[in-house]
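Based on the hints, put chain B in the right spot on chain A.
2 protein chains.
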Amino acid sequence: MPKVRADISMSLDGFVAGPNASLEDPLGVGGMQLHEWALRLEAWRSAHGLPGGEVDVDSDLITESTGSTGAVVMGRHMFSGGSGPWEDDPNRDGWWGDEPPFHAPVFVLTHHPRERREMQGGTSFTFVTDGVESAVRQAKAEAGEQDVLVAGGGAVVQQALAAGLLDEIQVHVAPVLLGSGVRLFEDATPAGLEITRVIAGPQATHIRYRIKR
Amino acid sequence: MPKVRADISMSLDGFVAGPNASLEDPLGVGGMQLHEWALRLEAWRSAHGLPGGEVDVDSDLITESTGSTGAVVMGRHMFSGGSGPWEDDPNRDGWWGDEPPFHAPVFVLTHHPRERREMQGGTSFTFVTDGVESAVRQAKAEAGEQDVLVAGGGAVVQQALAAGLLDEIQVHVAPVLLGSGVRLFEDATPAGLEITRVIAGPQATHIRYRIKR
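Protein sequence lines correspond, in order, to chains A and B.
So the first sequence is numbered by the numbering used here: it starts at 2 and just counts up by one.
So the second sequence is numbered by the numbering used here: it starts at 2 and just counts up by one.
Rather than coming from a laboratory, the hints here were simulated on the basis of the structure.
These figures come from a predicted structure and were not determined experimentally.
Errors might be hidden in some of the hints.
[To be verified] Partial list, computed: chain B residues near chain A (C-beta under 7 Å):
#, residue
1, GLY15
2, PHE128
3, VAL129
4, LEU178
5, GLY180
6, ASP188
7, LEU194
8, ALA201
9, THR206
10, ILE212
[Said to hold, decoys possible] From the structure, some residues in chain B lie toward chain A, with a derived Cβ separation under 7 Å:
#, residue
11, GLY54
12, PRO176
13, VAL177
14, ALA192
[What the hints assert, rightly or not] Away from chain A, derived, C-beta distances all over 10 Å, residues of chain B:
#, residue
15, ASP14
16, GLY31
17, GLU119
18, GLU134
19, ARG184
20, THR190
21, GLU195
Where is the CB? At the ideal position from N, CA and C, for every residue including glycine.
Here chain A stands alone, though its shape is the one from the complex (with noise of 0.2 Å):
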């Protein structure tokens, strides 16, 4: 049965990019060090086209999360990637490549609409402009037997919870705190969540939960 799935990782203190994140640095200030454990990592590096790096504990989550993701819903400036405002020229792409490592269908969450863009390597880049509910709805269908993974930022997995549509969430928490940002919960809905297995990474915990309905 395939799900919706988050996967994000957050601070200690809660955020997942640190302040004056923005589109042209979406991480904010200090905000690389929430994705220090995956950066690292041949599984990471591999799927974005680099060389080298370290196979660990770590790197099955990555992996495991590439097999079995069918499509994928991002926000803009997860989209964006730090190129800056893209949404009025019809000519940016984002900071992706030619090549992104999603290689699946990307829904990107926008008030702007676009035509879809078909990248090289299984990547598509679809542009929604009704809300997380129609993206989830889309990505679906596209995903076929595998998961829809809910990749961010903290915007998109907080209205996805909220819209009751996630099934899973999966925080990998780095070992740091940024003190102000972007919060992965900000006024969430009380709700129990069943842990379903952690991973003890070096440099960062990853919980993953069930979400009970």
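Frame of chain A, contents of chain B only:
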């Protein structure tokens, strides 16, 4: 080398107490869920004079903490334990009973001077009116070769962290979203942490960090 340790339960969305926390209800709405991992354990129950309870991977955490703690620092909410305003009544000792479960000197942060009270079973209560640094200093002096435990609530842990007094923090991440309440980390000073241990319990993920200076 004795340490100054904080040890506290937190919801996945970062709260150590739910909304409307008060001297009458220090855990706030839903806050008891943060402690369910401990309340069911034999180690916790026996420390509180109760029979029965379970023994599992979480139990060791309690016996470990009890065995290594030479003195405790806590705030006035935690001291009140739900018994309501106590500071103007010289005959009130909080709800902890004649033999409190701490079995060590306890330093209570308050703005109200009060005589030290010796309780049964090795617990004493000393009321500290000149701030967290003073409380930790006094606690260290009585802890000898054992650790000082900064037990909570969130404000006291925050103050100790901000003052650079903590060597270590262990967070018990409970599988629950509270939505609002008292945050463990509010405007924390940005800092790097080192994961020193993870214990995956069924009802909480226990992550211990060394605080990098």
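Now the hints, each set against the structure:
1. Given the 7 Å rule on beta carbons, the hint for GLY15 (chain B) holds: about 4 Å separates it from the nearest Cβ of chain A.
2. Proximity of PHE128 (chain B) to chain A is violated relative to the hint, the smallest CB-CB distance being about 30 Å (cut-off 7 Å).
3. Given the 7 Å rule on beta carbons, the hint for VAL129 (chain B) is violated: about 26 Å separates it from the nearest Cβ of chain A.
4. Contact between LEU178 (chain B) and chain A, as hinted, is supported at the beta carbon level, the nearest pair being about 4 Å apart and thus within 7 Å.
5. Among the interface hints, the one on GLY180 (chain B) holds; its C-beta lies about 5 Å from the nearest C-beta in chain A, closer than the 7 Å criterion.
6. Because the closest C-beta pair between ASP188 (chain B) and chain A is about 6 Å apart, less than 7 Å, the hint holds.
7. Because the beta carbon of LEU194 (chain B) sits about 4 Å from the nearest beta carbon in chain A, less than 7 Å, this interface hint is met.
8. The criterion of a C-beta within 7 Å of any C-beta in chain A is met by ALA201 (chain B), whose closest approach is roughly 4 Å, and the hint holds.
9. The closest approach between the C-beta of THR206 (chain B) and any C-beta of chain A is roughly 5 Å, which is under the 7 Å cut-off, so the hint is satisfied.
10. Given hint, ILE212 (chain B) at the interface with chain A, is violated; its Cβ is 9 Å from that chain's nearest Cβ, farther than 7 Å.
11. Checking GLY54 (chain B) against chain A: minimum C-beta separation of about 20 Å lies over 7 Å; hint violated.
12. Of the supplied interface hints, the one on PRO176 (chain B) holds, with its beta-carbon coming within about 4 Å of a beta-carbon of chain A, less than 7 Å.
13. Annotation: interface hint on VAL177 (chain B) holds; nearest CB of chain A at approximately 6 Å, less than 7 Å.
14. For ALA192 (chain B), the interface hint holds, since its Cβ comes within 7 Å of a Cβ in chain A; the closest pair sits about 5 Å apart.
15. Non-interface call for ASP14 (chain B) relative to chain A: violated, since the shortest CB-CB distance, roughly 3 Å, does not exceed 10 Å.
16. A cut-off of 10 Å between C-beta atoms contradicts the statement that GLY31 (chain B) is not in contact with chain A; the least separation is 6 Å.
17. No Cβ of chain A approaches the Cβ of GLU119 (chain B) within 10 Å, the least distance being about 37 Å, so the stated non-interface status holds.
18. Interface exclusion of GLU134 (chain B) from chain A stands, the closest Cβ pair being 20 Å apart, more than 10 Å.
19. Not every CB of chain A is more than 10 Å from the CB of ARG184 (chain B) (nearest about 8 Å), against its label as outside the interface.
20. With a closest Cβ-Cβ approach of about 6 Å to chain A, THR190 (chain B) is found to fall inside the 10 Å limit, against its non-interface label.
21. For GLU195 (chain B), the requirement that its beta carbon stay farther than 10 Å from each beta carbon of chain A is not met, with the minimum near 6 Å.
Going down the numbered hints, you'll see the structure goes against 2, 3, 10, 11, 15, 16, 19, 20 and 21, while the others check out.
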